[in-house]
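J.: Now for the letters of each chain:
Number of protein chains: 2
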Amino acid sequence: MTSAPTKPQKAQAPKTAITPTRAENYAEWYQKVVRAADMAEMSGVRGCMIIKPWGYGMWELMQRDLDRRFKETGHDNCYFPLFIPLSYFQREAEHVDGFAKEMAVVTHHRLTMKDGKLVPDGELEEPLVIRPTSETVIGEAMAKWVQSYRDLPLLINQWANVVRWEMRPRLLLRTAEFLWQEGHTAHETKDDAMAETVRMHEVYRDFVEEQLAVPVIMGEKPAHERFPGAVNTYCIEAMMQDGRALQAGTSHYLGQNFAKSIGIQFQSREGTQEFAHTTSWGVSTRLLGALVMTHADDDGMKTPPRIASQQVVIIPILRDETQKAEVMAYCESLKAEVQAQSYGGQPVRVKLDARDLPGGDKRWDWIKKGAPILLEVGPRDVAGGQVCVTRRDQLSAGKKFLARADFVAAVATELAAIQQALFDAALALQKTRTVTDIKDWAAFEAYFAKDADSSFVSGQGFVRAKWAGDPDSLAKLDPLGVTIRCIPFDQDGKEGNCVLTGKPTTQDVIFARAY
Amino acid sequence: MTSAPTKPQKAQAPKTAITPTRAENYAEWYQKVVRAADMAEMSGVRGCMIIKPWGYGMWELMQRDLDRRFKETGHDNCYFPLFIPLSYFQREAEHVDGFAKEMAVVTHHRLTMKDGKLVPDGELEEPLVIRPTSETVIGEAMAKWVQSYRDLPLLINQWANVVRWEMRPRLLLRTAEFLWQEGHTAHETKDDAMAETVRMHEVYRDFVEEQLAVPVIMGEKPAHERFPGAVNTYCIEAMMQDGRALQAGTSHYLGQNFAKSIGIQFQSREGTQEFAHTTSWGVSTRLLGALVMTHADDDGMKTPPRIASQQVVIIPILRDETQKAEVMAYCESLKAEVQAQSYGGQPVRVKLDARDLPGGDKRWDWIKKGAPILLEVGPRDVAGGQVCVTRRDQLSAGKKFLARADFVAAVATELAAIQQALFDAALALQKTRTVTDIKDWAAFEAYFAKDADSSFVSGQGFVRAKWAGDPDSLAKLDPLGVTIRCIPFDQDGKEGNCVLTGKPTTQDVIFARAY
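Each protein sequence line maps, in turn, to chains C and U. So the numbering used here is basically just the index in the first sequence, starting at one, shifted up by 73. So the numbering used here is basically just the index in the second sequence, starting at one, shifted up by 73.
In short, the hints are calculated from the structure, not lab data. Some hints could be false.
Each pair may be met inside one copy or between any two copies, as identical chains are not told apart.
Below are the DSSO-like pairs computed for lysine-lysine, each with C-alpha atoms no more than 30 Å apart in a straight line [unchecked claim]:
| # | residue 1 | residue 2 |
| --- | --- | --- |
| 1 | Lys-435 | Lys-424 |
| 2 | Lys-472 | Lys-435 |
| 3 | Lys-504 | Lys-549 |
| 4 | Lys-408 | Lys-144 |
Given the structure is predicted, the values throughout are model-derived calculations rather than measurements.
Can you build the whole structure from these sequences, using the hints too?
T.: Listed below in structure tokens is the structure:
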């Protein structure tokens, strides 16, 4: 037998668009996806990021939806100063245990040229801290604005940038500067303030699950994990694909602690002077990181339709110039038809990608960005009155050819199906990787024993188990890098033994490694 | 004749809601209006303001409208770091004449307790400047992103806070921190970049005139008033009620200057390496100050309907509790009917003011805020199926009683009429107080001789006169506190003599005092 002449083999297309894959190196995969999806990148300024159009578009849609919810629940937007005088922190530092010290401090207000070099000049009498959060500066204003019960409730929200000096920055998840909203409210009674705290907690859950397709566990932080000064801290905890937890939003009831320290007092209906009950709550651009860690795969991002600034992308496939006019005209009218459809009460967001690039390059660009639906349109599709459809969340299912009218009629249903499919997949992961049968320390330690960095492979996740509430017992968790994420609201009340101490208790908590 | 017993006189209602009046003290009147309208206030942080809900609501509507215009003209939003390394300014300081030095400088990243007092700690290797504008940091990113002509045009906008240390802060107009948008674009050719500069200049004009009802003069800054490094600076100049100018927006063509200094280079269609042509353009929250100075009167603010977060306010007038249910039900259904009307493509924004306060107090609150239309509804109005209407811009015309259905049917037309009336009044002022017959220095000096602080009374305004362009001649203006605001686009080309030098020239410019 003679061997056939060897044919030069075509270069193999890479199996996945992102290298390394999740399984190979989860942390690096994450960074690569954020860059490949062109959502954000680190800037030349230490620990600070640039949020690029595809990522910022998601943030804008998140803002729009949240802002509507805040206004519907009676909140007004304001804007407060970026700077907080150092003296505002003095009191806090003396009284608050968890006082955070890593903050950017402004000490000068001028640049001066000295021996050919610019140097800071004009030293401030009192240094100014860049806000890490605005409780103090908003509280000072509230103390002035609130005089009578008639001024309550005072329901304020702010969209702003904040700065927390991070020693180990991580793109989108933990950066020196990030964007967020912070709600700050003052109320007559504990009941009113608790109702507000719970209301905004639920607003966050609904928003994160419905808009971001990220399932969460609702619960309360144990005392040692509370926001400094808070009486109760409620949180929503999401599971990332490596089984780690990410706190996706918090809502704090601050009792009268904060009002007392800053002087938010009012004349009550009975004529007495009372301290207000206050709350605060916030979510940030770290949700963009949560989206990637929840939905992306080894081909890049999968953007939930609700927050995709382009839900359908049309890519004209042209082999020569003579076809151009006809194909482009078909694409333009297709775009108009899709845009005329409504999803989530808004016109479907559709982009015709007319860039001067090969169709295949454009296809991969949008796959990596995670546009929910791709349409490729070539001369044969024009002739056949059809479209070639790729659903980003079903990439392995390949392309489908549909009659144009059928596709247009079903586009809103299809987007809803994608949104639901992303949520379902994330919920399935959360269920699969939450273990509930760990009853003692030996089993607990064995579960979390494996190297944290390979946890996408190891399949670690949430441990839902008993904890008797003893603060001294927490030290056992430190070597494992595990924390208590929350005391979930849905408690079955059955008695068991604390996995840390063996003491009997009915309280279930969620243990996990976390971002 | 015996004298009649003296009756105790009722306290006279103040003639105007704002004291002092514009004529008595314009500068103080301005501060009082901003506070009375509850738009903004100075914070406890030097030079920094708090933008309150009524003012922030205007800013949000301005943002929404501008953002739509930016996106329609092809721009994407991004977010860039707040911090700029000191070294980025070094080059600028060496090369740029108008380099601004008053900037907030971060030198430390930690607070530490020392002898019971918090002090800055953790000195940074390189100080960070809080952005006064983002040309440098966005330019650095553009230099990375732009490789080929295919990457151009690069059309970016950012909504952000910026800081410029102001020695004499003035609420809304000149504060250490303010909010703005900054557009930054890079193009292949001079023609493309100039077209962008002109396009955004026109976007600003249309926005300011249509949305804010503030008429402006379009023109170009003379060389000495250009943005540092710009080849051309286009501006829109508005006239405030005291006759001073306020620069309401600028659009700069930066030529290749900026691209050369920062290295924004691309491979051209011909394969050569070229420097990009860049532009930048911005408007800020100082427009809120311009609104007050343009439209307010001695009773407070008059908010243009297009940017009023409440366009119609319903005030229930209750004398006793028994009437409450009926009046409130009438008001609620009235609100729904008004809301169902459309103005400017959106539902009419209507508020039912149900606060526990006397009706008269609420009326004055909304007059001072400048809500365009007030409706007072008492039991007699309910019985008669009518509404009692006050148009804020026609306060002296008093209240009008209209059949409810007639009011509702006409509400959008009425809002449009108010918007137009505000614009017309401002335009009339601008025309009346622009003089065009000053031909020499003696007349010019006499016109501006009066004390600047009394200019609301003195009737000074814009002088449209000849200037031959000699930079040395400008020193004559300094003692008067007058500047050249712009070289207006509409030039008649007639020859005359420069009012500063007497030299013959065809060039008209606008001279004025300015904010």
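J.: Confirm or reject each hint.
T.: A quick look at each hint next to the structure:
1. Lys-435 / Lys-424: Classified as within: same-chain Cα gap 12 Å, cross-chain 48 Å, threshold 30 Å.
2. Lys-472 / Lys-435: The answer is within: 15 Å in one copy meets 30 Å, while 63 Å across copies does not.
3. Lys-504 / Lys-549: within (26 Å within a copy, 79 Å between copies)
4. Lys-408 / Lys-144: between (33 Å within a copy, 17 Å between copies)
In this structure, every one of the numbered hints holds.
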